[in-house]
Amino acid sequence: MAIMTIRDAINETIREAMRRDKDVIMLGEDIAGGAGTAGGQEAIGGIWGTSVGLVGEFGPERVIDTPISESAIIGAAAGAALAGKRPIAELMFSDFIGVCGDQLINQIAKFRYMFGGNTRCPVVVRLIYGAGMNSGAQHSQAFYNLLTAIPGLKVALPTTPADAKGLMNEALMGDDPVMFFEHKALFGKKGEVPEGLHRVPFGHARMAREGGDVTIVAFGRMVSFAEKAADALAEQGIGCDVIDPRTTSPLDEEAILDSVEQTGRLVVVDESPPRCSMATDILALVSEKAFTSLDAPPQMVTAPHSPVPFSKELERAWVPSPDAITAAVRRTLDWG
Amino acid sequence: MQLSRDALLHAYRQMATIRQFEERLHEEIKTGQIPGFTHLYCGQEAAAVGVCEHLDNEDMIVSTHRGHGHCIAKGCDVTGMMKEIFGKRDGLCKGRGGSMHIADTTIGMLGANGIVGAGAPQAVGAAIAAKLDGNGKVAIAFSGDGACNQGTTFEAMNLAVVVGVPAIFVFENNHYSEHTGVGYAVGTSRDIASRAEAFGMKAWRANGCDFFDTYKVMGELLDYVRKEGKPAAIELDTERFYGHFEGDPQRYRAKGEVERLRETRDALKIYRDRVGEFGPVDMAELDAIDSETAAMIDAAVSEAQNAEPCDPAHVTEDVYVAY
Ligand SMILES: Cc1ncc(C[n+]2csc(CCOP(=O)(O)OP(=O)(O)O)c2C)c(N)n1
Ligand SMILES: [Mg+2]
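Heads up: the protein sequence lines correspond to chains A and B, in order.
For what it's worth, full-length UniProt numbering labels the leading residue of the first sequence as 1, then goes sequentially.
For what it's worth, full-length UniProt numbering labels the leading residue of the second sequence as 1, then goes sequentially.
Bound-form chain A, shown alone (with noise of 0.2 Å):
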């Protein structure tokens, strides 16, 4: 086991699936970086630095770096796919599926299904998302929800360089197309990553804690606030179950709902705005399959209703905090 950040963890299985699989090929804006110029390519490897040293290994026919055209990255993506091809496509800010919209949700999204399941469609898109650098209105959303909609997509977030490695893995090994987010407050995130081809499968949560007494459940970046929550609570003699979906699309819904059986009491975290949202998703798993379980009214701990504002108290006041699902816990607790 080695220890290392999120990045790394993202860039070494890259370039382990490249080493392996020939067909495995990335396009991206910048993704090496310097073409076209005196400082030659490779100069940035990536905005966020996931991709250095990836066109120096293999060459800039499979690691290319496109022009600012969102619809033709994808696009492009979509057909290489068809072709036999395992694209790895990335979007710099998750925000940017507006410019590419038709190509997710219309093109990769319906073939295998569309086509009578003739065809495979490998893409891994990776989309790059999140609020707290106070990046403003048009670089800061997390679209999982979105995509998740989306019958025919995959839809991972993995927030721990482990699973980085292991989800990235299984996309790359998979025949479905796969929107890989990952949040950018994430990418300094150090933990352990086993060597080797580690996999973790698609639609299986990971128990961030166990405590018994209240189930929360977060995405992405808002697993480490809610474990944060979790622990403080646990001093107080409160044990929270702290449940990471890691895959919203599958999503594991017996563990949320085994947990929830157990507790009684649930608490959704979801850096999102709260209308169709992963936090009403999950309500609506609940209170559908384990009504009878509930104790107290599930709580939902989501952003309001607005665009990610740029200023910094605005913006903190925009993201779910550790302090708001702690209140939520204690709700569901007080309740009755």
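For the record, the hints were derived by calculation from the structure and aren't laboratory data.
Only a predicted model underlies this, so the values are computations on that prediction, with no experimental measurement involved.
Mixed in with the good hints there might be a few duds.
Listed below are the simulated DSS-like cross-link pairs for lysine-lysine, each with C-alpha atoms no more than 25 Å apart in a straight line [to be verified]: (1) A:K312 / A:K189; (2) B:K230 / A:K184; (3) A:K85 / A:K110; (4) B:K30 / A:K312; (5) B:K202 / B:K230; (6) A:K184 / A:K312.
Given the coordinates of chain A, assemble chain B with the ligands onto it according to the supplied hints.
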């Protein structure tokens, strides 16, 4: 071409304001007071000013992520902008937009934009409105060499030709999109204007580091657009003096590149070198403008620093419904 003294001095003041605004931000960002990503416009002053000195408040522009220069050139309140960039409550956009999202529609500044390529179609829509209103106004889309590769930009150019509206596509070719060179990313890298021509519109080319050249060519372009009611394009050859964003280590640059650009391609120096050809202006007058501008920027920064922060209770304001 001769220009009035007022016109000459105003153009210089606008360029000096942009330069000092950006140079000052470069310093303030190091102190950690300014949130988020900031893209500085230094080096491109002659482009924004050479275009906007022809416009009045009813003419419209749409801008980019590198929008401070366009905003200033179009007449946005400099203190309001500074407060916005500092993320303050009474910033031009109430601290919600930030550097990349400054707008003031009351003066025809329809918005800076974080999405590369999003602005060009909006300019076509604004030009449709201008045509319907029959007021002789134009709508201008500023786009970079990188943005000219977006499908939206292509679609916008074609639409403008098809509907025949006074939309103007200004391509500021600063030779880089982020860390990628124009020679790699743009198939017609030596000539972005030819793309516009291929869509069926007239296109011009000018030196985007030279106010006088940009201003003169833009004048010809505007005569054509206002007379014919048709779209047009101009490619401005210009330079970016700082990194793509503040904090960019710029490893893609050649050694000594920025020093060379500052020596040979500085819009303010070029203005001083050439102004005598266009009217009687004393260097001392320009020096005075520099000092006045410095005082104005100083005041804007201290107002921004001392301004009230945003109130978290306002986070859902201006969304039509709260949940
Ligand atoms: C749709 C979209 N894709 C990518 C980006 C990231 N990005 C921001 S600015 C930029 C480069 C833009 O280059 P150019 O149009 O030449 O403008 P310049 O930065 O040179 O002013 C990129 C890729 C973005 N903001 N929006
Ligand atoms: Mg550029």
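How the hints compare with the structure:
| no. | hint | verdict |
| --- | --- | --- |
| 1 | A:K312 / A:K189 | holds, 22 Å |
| 2 | B:K230 / A:K184 | violated, 44 Å |
| 3 | A:K85 / A:K110 | holds, 18 Å |
| 4 | B:K30 / A:K312 | holds, 17 Å |
| 5 | B:K202 / B:K230 | holds, 9 Å |
| 6 | A:K184 / A:K312 | holds, 17 Å |
Of the hints listed earlier, the one the structure fails to meet is number 2.
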